[in-house]
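If you read the protein sequences in the order shown, they are chains A and B. Counting along the first sequence from 1, when you hit position 302 you're at 302 in the numbering used here, and nothing is skipped either side. Counting along the second sequence from 1, when you hit position 56 you're at 56 in the numbering used here, and nothing is skipped either side.
Where hints are given, some of them may not hold.
Sample of chain A residues lacking proximity to chain B, with all beta carbon distances greater than 10 Å (derived) [to be verified]: (1) Gly8; (2) Ser20; (3) Ser29; (4) Ala86; (5) Arg132; (6) Ala467; (7) Glu594; (8) Ala679.
Computed, partial: chain B to chain A, Cβ under 7 Å [to be verified]: (9) Pro263; (10) Pro322; (11) Arg323; (12) Pro337; (13) Gly339; (14) Pro347; (15) Ala375; (16) Ala379; (17) Val390; (18) Phe394; (19) Leu419; (20) Ala746.
No lab work stands behind these hints, which were simulated from the structure alone. Ideal Cβ placement from N, Cα and C applies to all residues, glycine included.
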Amino acid sequence: MGRIKKKGISGAAKNYITRSRAVKKLQISLPDFRRLCIFKGIYPREPRKKKKVSKGSTAATTFYYTKDVQYLLHEPLLAKFREHKAVAKKIARALGRGEAGDAARLEKNLIPKIKLDHLVKERYPTFIDALRDLDDALSMLFLFASLPSSQHVPAKTISLCQRLCHEFEHYVIVSHSLRKSFLSIKGIYYQATIQGQDILWLVPYRFVQRTGGDIDFRIMGTFVEFYTTLLGFVNYRLYTSIGLVYPPKFNAKVDEQGGELGAFQLEGKGVSTNGNTTNGDKPVVVNPEAQAIADKIATLPGTEEAESETEALAPVDGDEEENTEGIDKFETTAPDADILPQPQVTGAEAASLFAGMVFYISREAPKAPLEFILPAFGCKRVGWDASLGDGAYTTNESDPSITHQIVDRPALSDAEAMAVPETTNGGAAAFKAQWPRSTMPGRTYVQPQWVWDCINQGKLLRPDIYAPGAELPPHLSPWVKPKKGEYDPNLPLQLQEPEVEALEEVEEDEEDEEAASDAKDASSIESGDDMAAIVDRDSSVEAGEGMDVVSSADEEEDSESDADAGADEWEGFESDAESDVSEGEAARIRHQRELEAEATGMAIEPEAQTTKSKNAALRKKAVKKRREEEEERERQKMMLSNKKRKLLKRIEYGSNKRDTEAENLRRKRRRIEKAKAAANAV
Amino acid sequence: MAPNARKRKAATRDAPAESGSEEELANGLFDGILSHSEDESGVSPDEDAESEASSVIGGLSDEDDEEEDEEEAEEEGGNEADIREQLRNLKTTDHPSKRIVSDAILTNAHDSVTNGELDGQEDEDPKPNYTVAIDANGNPRYLYNEIDPVYDSDDSDAPATTNTIGNIPLSYYDKYPHIGYDINGRKIMRPAKGEALDALLDSIDIPKGWTGLTDPATGKPLNLSEEELDVLKKLTRNEIVEEGYDPYPEMVYYFSGKQEIMPLSAAPEPKRRFVPSKHEAKRVMKIVKAIREGRIQPYKPPGEEDDEEERIYYDVWADEKPRPENSMHLPAPKLPPPGYDASYHPPPEYLPDKAEKEAWLAADEEDREKDYLPANYDALRKVPGYERFVKERFERSLDLYLAPRVRRNKLNIDPESLLPKLPNPDDLKPFPTTCAAIFRGQQGRVRSVSIDPHGVFLASGGDDGFVRIWELLTGREVWQARLSDEDAVDTVKWRPDTECSILAAAAGETIYLVVPFTILSPDMEQHSRDVLDAGWGYAASKPSSTTNGAIKEPPGKWSRPGSSLEHKGVLVQVTVRSMVKVINWHRKGDYFATVSPRGQSTAVAIHTLSKHLTQLPFRRLKGIAQTAQFHPSKAIFFVATRNTIRSYDLAKQELVKILQPGAKWISSIDVHPGGDNIIVGTYDKRLLWHDLDLSTKPYKTLRFHQEAIRAVRFHQGGLPLFADASDDGSLQIFHGKVVGDLMENATIVPLKVLRGHKVKSRLGAMDVEWHPREPWCVSAGADGTCRLWN
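Extracted from the complex, chain A is given alone in its bound form (with noise of 0.2 Å):
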């Protein structure tokens, strides 16, 4: 026999350790640790027995794995937190005497300076794992970009974060590796592949933020100081891999002006610099070997890459079916097969999406995403308002090249457009085509969902649909994937809504209309009510002394009604005594007028089927097989033991969820479109 276990001695309740008792352990404070465990990527674990972790106690603690803070125990960055506190001391103590010139001393020259580059090696031990988890950053990154400096956010640190995502973004935009963008009301978001990675961030809408309220700058801020150490080795890595020189060349004074990205020149690696960027031509790669090591690394399938990219620079027209080197589409026929993912649109696609076209964008349409985009997906070529910056391509809006203007400004009526260009050309001997009271010929116009629309789907979409002023198509994010049974707008509403649905819904169409018209035959017609009462049990056993009452008044047509039901519903599970009853009646009636017209010699004019009475035997049909599914769904579960039943309602409860859901997506979107078309109608 061995010896007997200890309690707490082993196991769960060695191998977790609470937050308090690893801040003791660490000899730092509270916020100290936060940072330490932001920077080491240290989070807290939920043991999977809780009782035995706490010793029994079932308050609710933070428990941290105890190894991870053993890990923490050699960190260097504890002995800098020290020192930092030591000198926090010291000048605390300067203050406190008023010796405020030497507490600046002390803080400018003894404050530790902390270096994070060698955690980012630690938590991302391969690029790939570092790019899997750039998300957040990014999303943080572009936030910070956008904020205002104050006591919290300095403003050295928002153009830092503006600094790296302008500089990640020439990459995405260089490597063609933006797939899908999305405009949300929450801001923009972004997808690129990276290297496999699907990366998405979100970018705000260029408004000032509030910060008020609960929001922990410092908390934000140490997460800001990580990301930006993570991102600027990640660019660094990102620009090395398709032989860029890294820090790119920046220039402060096309910044100010608001150059955005136009401020920044790529350069490639052993390659001078290429001089002008002044006319706003987007950075371009110098090195064709560069690029060529760019799309090997940016595309899964390597060499002809660069022969699809110069292919690409050519004006597509839309023969993308030419393309026989690229992956077959694989359509599945039938719909139960499982469909195989296939690897999406490839960089070269991207890159020759708008490519040979020449955007100007209005000086209401929002440039930075535009800027971004454009070129991302192979336009070489942008200019814009010169209100809105430095870098453009042009900014004379009537410069000939210029295929494409975006506009978010409705066009105005024609006597508007009269009355105001006289003055204010002033008789310029150039014609100036101005938005939106003149157009170019030959030029398209179009709102910015065009291109976002356009980039999601991978073509060129009709420009009409998006013209100035037009009701624009409903902006559809790219990353839902219909699944079965989920509500899915781009299918018609046919498509995808049950037979019963669908028919309950002609139903009480109908019923809406009679209501309307004030029918007096209301009685043939079922609404849900009545089929509820068909269900009911009650109503069942009435039907059964009915049938007894009739079974002594005519036996002959109650046999032969039986035999009827019998016979139209044998295959189904279960006769419903309501149904049979009315069905019988129905074939009495049948009968007697059929005697009638024997006896009078007439031919039987054929029932009138009309379309209402078709569509309620229908809808009964459906009712009573989808009853009869349900009933057959309860006599199993019956059969089920307690767990299971249990696990099956725990399944059910989550598919129900989906299921109301859509029906209630499907449910208004039949409302609109009978309200279209009644609108139509009139």
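Knowing the structure of chain A, use the given hints to seat chain B on it.
Relative to chain A, chain B alone:
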């Protein structure tokens, strides 16, 4: 005059001091002074003794008086105002009485003093009580001696008069040194003033070095010199006694920069004082070299730009090695991508309607399913900034470092796979689904139903004491008989024999055997009567008697009921000792078993029809018997008590098996026609399927009823069906297929819930019975109806 007095005093001061004892020092000295200061009057010793305690004060004040007198004489009215004030003060003080007393003492003392004078003057006289003096007018005036109130004197309590001038203003005396007169006509002098006292004290000279102590060595008064007193004073002050000691002397610099005339050493100045140091030069050169080599940079204050220079990027992942995956490491989950409803211009169906919007706004922030409200903007330029952007990012960062990460297994089970595969419903047909007929007419509950072996008639018995027979298909009542007025008919059972038609019914303690001849064919009637009558006389011929000859009461008395019943067709009645609840026939119809739960030892009885014999198989039964049944093919007898079922071999007369269904209270059992399976209905809402070959525990436990199960029944005609009846008013029909193969378990499939019986006083369906061939069943309800289901 005053300076004279002073002189006098000074002259006389020394003498008494030298000769005076201690007491004299304390008292007598001053008295002496006073008396001397008085004009030529001696001290009367009795006076001295009289006021010892107050003498000092008195003396002092007298002195004051005196002095004042003198001063008053000098400067007449100057002090009068002061005196008046003083007197006024005396009157207005808080303790006038005290002052008055002291005044009295003053006057007394004064009196005594004057008296003393007189005494001194006329001591030689042969003691006349008075002296004769000449008054202002030249008339003789008798001056009486002061009366000395001895200790016993009554007069001692007389109050001393203080105010002798009466109620006149004091200002009248302003001009005089005295204020009023005393009882002896002497002037009462004004009280002394402060200045006078001081003058007095000044005039008293204490001898040099007087301490008032006695030198213990010599016994002489101890005198201390000035120096000695000084030492003492310093000691008490913790000071250094030594005269002229300076605790903080001026510092004397021994090694001053001042050149002494005579140096300490005569050695000449060394050379090194004049030669530059080589060592220093070496060290300087070292620094110069370092500076030249650039090892030492001149100090430059750290500027702004070095911050930026610090950020040096390099390829961190130059030699990357994938780390083996650690199971404890959970990467942060990514945020889900936005859905359709997050679009700035979503399809209209995604926009919330009014109710949804209100609900969202009203909900607490934590309760909201989505943290945003879908909104539609018809142009991009109209999209406002998202208010919660920073907040969301902040919450995300909180999640990243503060939220415990747990790997949860997602339930990725197809719900269909959980559901058991059930046989095709078509294969399970036929079974009863609908109510085909309702048999009405019973009063009160119907307790039991039974279908005759031909499947034509239905017998029912209920609370009203009637047994009724109905045509099964039509629901028409064809026969009825009232068996008992007070007892309900608890059970009815047809004899399982197609040759004849006998119905057994039990009401109270009596079992009736009925041949409803009105509905039978004559053959059958005759046959039935024969069967019943065969046993008559058997019991009589073999009376049950014990060996000792005492006639024992038989457990059942077989007799004919009254003629009225016989006329109806009730031919035999058997009376047992307690109320019969259950009757079950043996398959051959010769035996039937009755169960009467109340009778302890007589609970289970087996009756032999051919012999009209009642036997009690159990002498003692464990538990309360609930029901008993014969095995369908073997000579095995099942008895169910409240929570066990025992099977007995009747041939070997031994216990075969004890089944423990685990139920609290068994209501009924039924044996499968195959004989290897038993279903058990319980009052605790369970239906249990027992496989006798498998175990003593139930094979399946079915709990589908809300209320207790009253009856369970297998279909006996070859269809794999069984049914139960419950207090919730419903019947449940199951498919229960038993295969001959021992390896395969029975398949049980729930088929149908038949609802129709109304629940009355918490009772619903009381009994259920299958048709012998068809898939029909009949149920008895507490609502007074029977129902046929097909």
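Cross-check of the supplied hints:
no.: 1; hint: Gly8; verdict: holds, 21 Å
no.: 2; hint: Ser20; verdict: holds, 15 Å
no.: 3; hint: Ser29; verdict: holds, 16 Å
no.: 4; hint: Ala86; verdict: holds, 19 Å
no.: 5; hint: Arg132; verdict: violated, 7 Å
no.: 6; hint: Ala467; verdict: holds, 12 Å
no.: 7; hint: Glu594; verdict: holds, 28 Å
no.: 8; hint: Ala679; verdict: holds, 13 Å
no.: 9; hint: Pro263; verdict: violated, 48 Å
no.: 10; hint: Pro322; verdict: holds, 5 Å
no.: 11; hint: Arg323; verdict: holds, 4 Å
no.: 12; hint: Pro337; verdict: holds, 4 Å
no.: 13; hint: Gly339; verdict: holds, 6 Å
no.: 14; hint: Pro347; verdict: holds, 4 Å
no.: 15; hint: Ala375; verdict: holds, 6 Å
no.: 16; hint: Ala379; verdict: holds, 6 Å
no.: 17; hint: Val390; verdict: holds, 5 Å
no.: 18; hint: Phe394; verdict: holds, 5 Å
no.: 19; hint: Leu419; verdict: holds, 4 Å
no.: 20; hint: Ala746; verdict: violated, 13 Å
The structure fails to meet hints 5, 9, 20 from the earlier list, while all remaining hints are met.
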